[in-house]
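Trainee: Here is how the chains run, residue by residue.
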Amino acid sequence: MKELTEKLLSHLATREHEIIQARREGRKVVGYIPGGYLPEEIVIAAGAIPIGLVRGGDHSAVELSSSYICRWFDSFCRAQIGYGISGLDPYYKLLDLLAIPITDNHTRAISDVLDYNTDIEIFPFGVPHMKEESAFRYYLHGVNKFKEKAEEITGTRISYSKLREAILLCNKERELIKKISMLRTSDPPPLSGKDFVALNHGSFVADKAFMIGLLESVVTKIEEDPLRIQKRPRILLTGSTLAMGDSTVVNLIEEAGGNIVIEEFAEGIRPYWENVSTGSDLLALLAEAYFMKRVPPAWFRPGRERLDFLIELVKRFKVDGVIWYQLMFRESYKTESYYFPKRLKEEASVPMLVLESDYDPSEAGPMQTRIETFIYNLGK
Amino acid sequence: MPEYYDRIFGICGFQDTEIERERSRIERALDKIGVGPEDIPRVEQRLREQHEVELEGVRKILRAWILELLDLVLAKEEGKTVIYYGYPSIQGPGMAISSESGENVYVGCPDVVLCHTVGLIFDKLAPFLEAAETNGLPPGHGLCSLQQIRNGGLALGVVPVPDLVIASSYYCDMGSKADELLHEIYGHPAVYIDGSMDSRWGEFPRYDLERIRFLGGQLDKLFANVEKILGIEVTRRSMKKAMATSRVLYSALGQLTSLMTADPMPISGVVSGIAMNLAAASTGRSMSEGPDALSTLCKEVEGRVKSGYGILEKGAPRVLNFAHSFSDPGITHMIEKAGLALAASFVTVPPGKRDKSLKLYSLGEELAESAMRGGAYHSTYGFAKRFAEAARSLSMDGVIWGYQYNCRPMALGSHLFKQFIEEETGIPTLSLEMDYYESRTYGAEALRTKVETFAEMLRARKAKA
Numbered sequence: 004m005k006e007l008t009e010k011l012l013s014h015l016a017t018r019e020h021e022i023i024q025a026r027r028e029g030r031k032v033v034g035y036i037p038g039g040y041l042p043e044e045i046v047i048a049a050g051a052i053p054i055g056l057v058r059g060g061d062h063s064a065v066e067l068s069s070s071y072i073c074r075w076f077d078s079f080c081r082a083q084i085g086y087g088i089s090g091l092d093p094y095y096k097l098l099d100l101l102a103i104p105i106t107d108n109h110t111r112a113i114s115d116v117l118d119y120n121t122d123i124e125i126f127p128f129g130v131p132h133m134k135e136e137s138a139f140r141y142y143l144h145g146v147n148k149f150k151e152k153a154e155e156i157t158g159t160r161i162s163y164s165k166l167r168e169a170i171l172l173c174n175k176e177r178e179l180i181k182k183i184s185m186l187r188t189s190d191p192p193p194l195s196g197k198d199f200v201a202l203n204h205g206s207f208v209a210d211k212a213f214m215i216g217l218l219e220s221v222v223t224k225i226e227e228d229p230l231r232i233q234k235r236p237r238i239l240l241t242g243s244t245l246a247m248g249d250s251t252v253v254n255l256i257e258e259a260g261g262n263i264v265i266e267e268f269a270e271g272i273r274p275y276w277e278n279v280s281t282g283s284d285l286l287a288l289l290a291e292a293y294f295m296k297r298v299p300p301a302w303f304r305p306g307r308e309r310l311d312f313l314i315e316l317v318k319r320f321k322v323d324g325v326i327w328y329q330l331m332f333r334e335s336y337k338t339e340s341y342y343f344p345k346r347l348k349e350e351a352s353v354p355m356l357v358l359e360s361d362y363d364p365s366e367a368g369p370m371q372t373r374i375e376t377f378i379y380n381l382g383k
Numbered sequence: 377m378p379e380y381y382d383r384i385f386g387i388c389g390f391q392d393t394e395i396e397r398e399r400s401r402i403e404r405a406l407d408k409i410g411v412g413p414e415d416i417p418r419v420e421q422r423l424r425e426q427h428e429v430e431l432e433g434v435r436k437i438l439r440a441w442i443l444e445l446l447d448l449v450l451a452k453e454e455g456k457t458v459i460y461y462g463y464p465s466i467q468g469p470g471m472a473i474s475s476e477s478g479e480n481v482y483v484g485c486p487d488v489v490l491c492h493t494v495g496l497i498f499d500k501l502a503p504f505l506e507a508a509e510t511n512g513l514p515p516g517h518g519l520c521s522l523q524q525i526r527n528g529g530l531a532l533g534v535v536p537v538p539d540l541v542i543a544s545s546y547y548c549d550m551g552s553k554a555d556e557l558l559h560e561i562y563g564h565p566a567v568y569i570d571g572s573m574d575s576r577w578g579e580f581p582r583y584d585l586e587r588i589r590f591l592g593g594q595l596d597k598l599f600a601n602v603e604k605i606l607g608i609e610v611t612r613r614s615m616k617k618a619m620a621t622s623r624v625l626y627s628a629l630g631q632l633t634s635l636m637t638a639d640p641m642p643i644s645g646v647v648s649g650i651a652m653n654l655a656a657a658s659t660g661r662s663m664s665e666g667p668d669a670l671s672t673l674c675k676e677v678e679g680r681v682k683s684g685y686g687i688l689e690k691g692a693p694r695v696l697n698f699a700h701s702f703s704d705p706g707i708t709h710m711i712e713k714a715g716l717a718l719a720a721s722f723v724t725v726p727p728g729k730r731d732k733s734l735k736l737y738s739l740g741e742e743l744a745e746s747a748m749r750g751g752a753y754h755s756t757y758g759f760a761k762r763f764a765e766a767a768r769s770l771s772m773d774g775v776i777w778g779y780q781y782n783c784r785p786m787a788l789g790s791h792l793f794k795q796f797i798e799e800e801t802g803i804p805t806l807s808l809e810m811d812y813y814e815s816r817t818y819g820a821e822a823l824r825t826k827v828e829t830f831a832e833m834l835r836a837r838k839a840k841a
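Heads up: the protein sequence lines correspond to chains A and B, in order.
Note that the first sequence covers residues 4 to 383 in the numbering used here.
Note that the second sequence covers residues 377 to 841 in the numbering used here.
Because the hints were derived from the structure by calculation, they are not lab data.
Any given hint could be a false lead.
[As the list claims (entries may be wrong)] Listed below are the simulated DSS-like cross-link pairs for lysine-lysine, each with C-alpha atoms no more than 25 Å apart in a straight line:
hint : chain 1 : residue 1 : chain 2 : residue 2
1    : B       : K617      : B       : K682
2    : A       : K31       : A       : K175
3    : A       : K296      : B       : K597
4    : A       : K134      : A       : K211
5    : A       : K234      : A       : K321
6    : A       : K148      : B       : K735
7    : B       : K713      : B       : K840
8    : B       : K604      : A       : K134
9    : B       : K616      : B       : K735
10   : B       : K616      : B       : K604
11   : A       : K134      : B       : K597
12   : A       : K321      : A       : K182
Could you build all of it, start to finish, from the sequences and the hints given here?
Mentor: Shown next as structure tokens:
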């Protein structure tokens with residue numbers, strides 16, 4: 004497994020240069036905020052390179068944002084403002100278009116602040132907060148507009164066959180990620196949470212063909228020679244955003260003796276539960292999978308579907324404890340974290356620990372104590 | 377038999393006979409909000425020093441607010457069906473529901489009512505906030521204080537559990553999420569009116585027509601649900617009826633905002649604030665008491681303008697601000713004492729007219745289109761653009777962008793508004809982090825230095841011009 008994760012790291016280390024080269028050769032790059040609402044298939048079908056701007060965990064980027072917006076916004080979103088304006092995340096400097104699914108006012112902040120303060124071309128993409136017919140139509144309208152925009156910036160007409168091909172490619176990637184994830188229903192799990200998160204994060208940035216090849220190798224490796232991980236308390240890690248680079252909580256849980264066996268995040272973890280069907284109206288099918296079938300984040304109202312799903316995951320993955328990791332000032336998650344533990348206790352007899360982060364390194368100490376205590380109690 | 381509170385109700389425009397008539401309601405309401413004899417000297421001092429109660433119009437508005445409070449807290453005891461809506465909300469649906477439903481239904485925005493009464497008059501909001509902090513909305517997380525007040529009001533049993541909540545999901549995330557929290561605790565039904573603020577910077581006043589179709593459809597869904605759940609049918613006719621009733625009120629509000637631009641400024645912003653917000657929070661007393669109260673106030677203010685009377689010296693820098701504190705008059709007075717005339721607000725300059733070629737197919741779409749033109753529900757840019765245009769057209773000397781720190785749609789403009797308004801108009805703008813709804817952290821003294829420095833700069837600039 005180590006060999007494969009190193010292969011991924013090595014690919015990611017050269018990815019920026021690959022993209023620079025591809026741009027020189029005329030390919031366009033479309034970045035997006037990785038909340039799972041932007042169909043990458045459209046970007047791929049237009050011949051452009053999709054990049055999920057998934058980097059986070061770095062307080063210096065949050066600090067940089069404070070010259071452009073007050074502190075009362077989600078840390079990941081403020082970090083994107085910091086990265087976008089400073090270029091501290093090099094991918095921002097390579098974008099021909101930045102698509103921002105407007106899921107709530109935190110992502111809207113990224114859109115407005117970067118639109119006003121940088122030359123990056125922004126494409127806000129509306130995501131309603133309810134699963135209703137009219138909301139579906141509005142989302143589909145956004146998918147259509149995004150397709151037109153992708154065609155405009157690339158100068159490529161997205162044909163049915165190209166889009167279908169892109170859907171099949173992305174379906175393959177999702178299927179493999181799901182397969183690996185489902186293998187973790189076994190006890191002990193065949194790979195660590197840290198490794199799974201690394202693969203999922205990598206999928207936002209890596210070349211699709213490379214990533215699919217790597218995921219296939221991971222599946223083969225696990226099936227042939229699973230890691231001998233100790234049986235330890237099984238943890239569901241959930242929350243608003245788990246960004247690439249925001250490794251503190253994952254490391255602390257595994258160092259404290261917990262096995263992360265499943266994650267559920269609004270941003271930063273690629274949704275992989277639903278594939279896109281291929282029928283006659285591919286855009287509608289994309290909207291169906293990305294919007295209607297997707298388990299919604301906490302900013303849906305009401306947010307019960309996600310909480311039901313968490314309970315289902317707890318049971319399916321035989322979870323011993325839930326760690327709810329939210330970033331500062333994401334009010335939807337904060338609100339749900341108040342009443343969900345009671346339901347969790349009643350319906351699954353599982354306790355929950357709520358942690359918060361502003362990507363401040365000084366949080367690690369108190370977080371460690373709380374995680375160690377929680378996992379110690381689970382083990383009793 | 378006179379009681380301890382008679383004096384303050386008298387100051388607030390109640391006649392002795394009315395106090396007698398309402399005594400039972402008053403006592404039950406005071407008991408619920410926790411006001412007793414020990415509070416009266418403080419409340420009286422607050423009324424005399426912070427509100428211009430020498431004006432009959434002010435007394436009448438305070439009376440309307442108190443009557444609204446009584447209606448709210450006693451609604452269930454008095455056998456009414458209770459409907460709450462969120463703040464801010466698109467103007468119209470609440471009034472239309474109210475006008476169609478009659479006496480047996482209370483429709484209002486409980487948190488804004490509590491701010492203007494329990495806060496602005498009685499100065500007793502802290503227990504509400506503390507109750508909310510232990511009921512799912514803890515401190516230190518930038519959670520909306522207005523939602524805390526609603527939550528605390530329910531937790532303390534001051535305001536009744538509603539029969540229906542209209543959650544405005546088209547503007548902020550917090551309001552509808554806080555309503556969801558209350559639904560989890562109390563189980564009442566909620567209708568979420570959704571929308572998507574996905575316009576690009578620079579797009580206002582244009583917009584994607586699909587936004588109107590979506591938001592309009594959501595508003596139509598609200599009316600359908602109100603009919604289904606409560607048996608109240610809302611139609612264009614209801615809206616017309618509501619508008620006809622409120623025409624006098626809105627015409628007087630327009631006159632008042634216009635009078636506020638006089639030099640010297642004739643009344644404190646505290647007065648205009650309580651007048652304007654009455655219509656935003658109440659669909660009952662604003663309609664029944666508002667027109668007379670506003671008309672009385674306008675006549676008195678007109679008299680002040682004619683006689684050249686002002687609460688500040690003539691020539692004081694004139695400032696456009698967003699709104700006044702809903703619960704603490706001391707903040708507005710501090711700004712005025714610093715020498716700034718809070719002469720205009722976001723609503724002083726009305727939005728543009730509807731494009732007559734636009735085809736709108738339902739009442740919901742008409743309301744959505746109207747909301748979009750206002751700017752604030754359109755986008756951050758639309759909001760900032762309306763602000764800049766108002767400041768320029770009214771020839772303001774400065775702008776105070778007092779943003780509600782825990783309201784994301786407003787806080788989003790923390791830096792952008794200042795940058796944009798100054799670039800567009802050249803008018804100096806102070807970005808001031810505030811809390812309109814409660815002032816434990818953002819009290820007048822916490823804001824004074826910034827405001828005084830800004831005022832000094834505006835005076836120097838004006839003198840130099």
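Trainee: Hint check: K31 (chain A) vs K175 (chain A), CA-CA at most 25 Å. Holds or violated?
Mentor: holds, 23 Å
Trainee: For the pair supplied as a hint, K148 (chain A) and K735 (chain B), confirm whether the alpha-carbon distance does not exceed 25 Å.
Mentor: holds, 22 Å
Trainee: Holds or violated: are the alpha carbons of K713 (chain B) and K840 (chain B) at most 25 Å from each other?
Mentor: Given pair K713 (chain B), K840 (chain B) holds - Cα atoms ~22 Å apart, limit 25 Å.
Trainee: Has the given pair, K321 (chain A) with K182 (chain A), been kept, meaning a C-alpha gap of at most 25 Å?
Mentor: Holds, because 17 Å separates the two Cα atoms, which is no more than 25 Å.
Trainee: Regarding the pair K296 (chain A) and K597 (chain B), is the alpha-carbon distance no greater than 25 Å?
Mentor: holds, 23 Å
Trainee: Are the Cα atoms of K234 (chain A) and K321 (chain A) separated by 25 Å or less?
Mentor: Measuring from Cα to Cα gives roughly 12 Å; hence the hint holds.
Trainee: Decide if the proposed pair is consistent with the structure: K134 (chain A) and K211 (chain A), CA atoms, cutoff 25 Å inclusive.
Mentor: violated, 30 Å
Trainee: Verify the proposed pairing of K616 (chain B) with K604 (chain B), using a straight-line Cα cut of 25 Å.
Mentor: holds, 22 Å
Trainee: Need the status of pair K604 (chain B), K134 (chain A): alpha-carbon distance at most 25 Å?
Mentor: Judged against 25 Å, a Cα distance of about 20 Å means the pair holds.
Trainee: Starting from K617 (chain B), check that the Cα of K682 (chain B) is at most 25 Å away, please.
Mentor: Outside the cut-off at roughly 35 Å; violated.
Trainee: Please work out if K616 (chain B) and K735 (chain B) have their alpha carbons no farther apart than 25 Å.
Mentor: holds, 19 Å
Trainee: Does the structure keep K134 (chain A) and K597 (chain B) at a Cα separation of 25 Å or less?
Mentor: holds, 14 Å
Going through the hint list in order, the structure does not satisfy hints 1 and 4.
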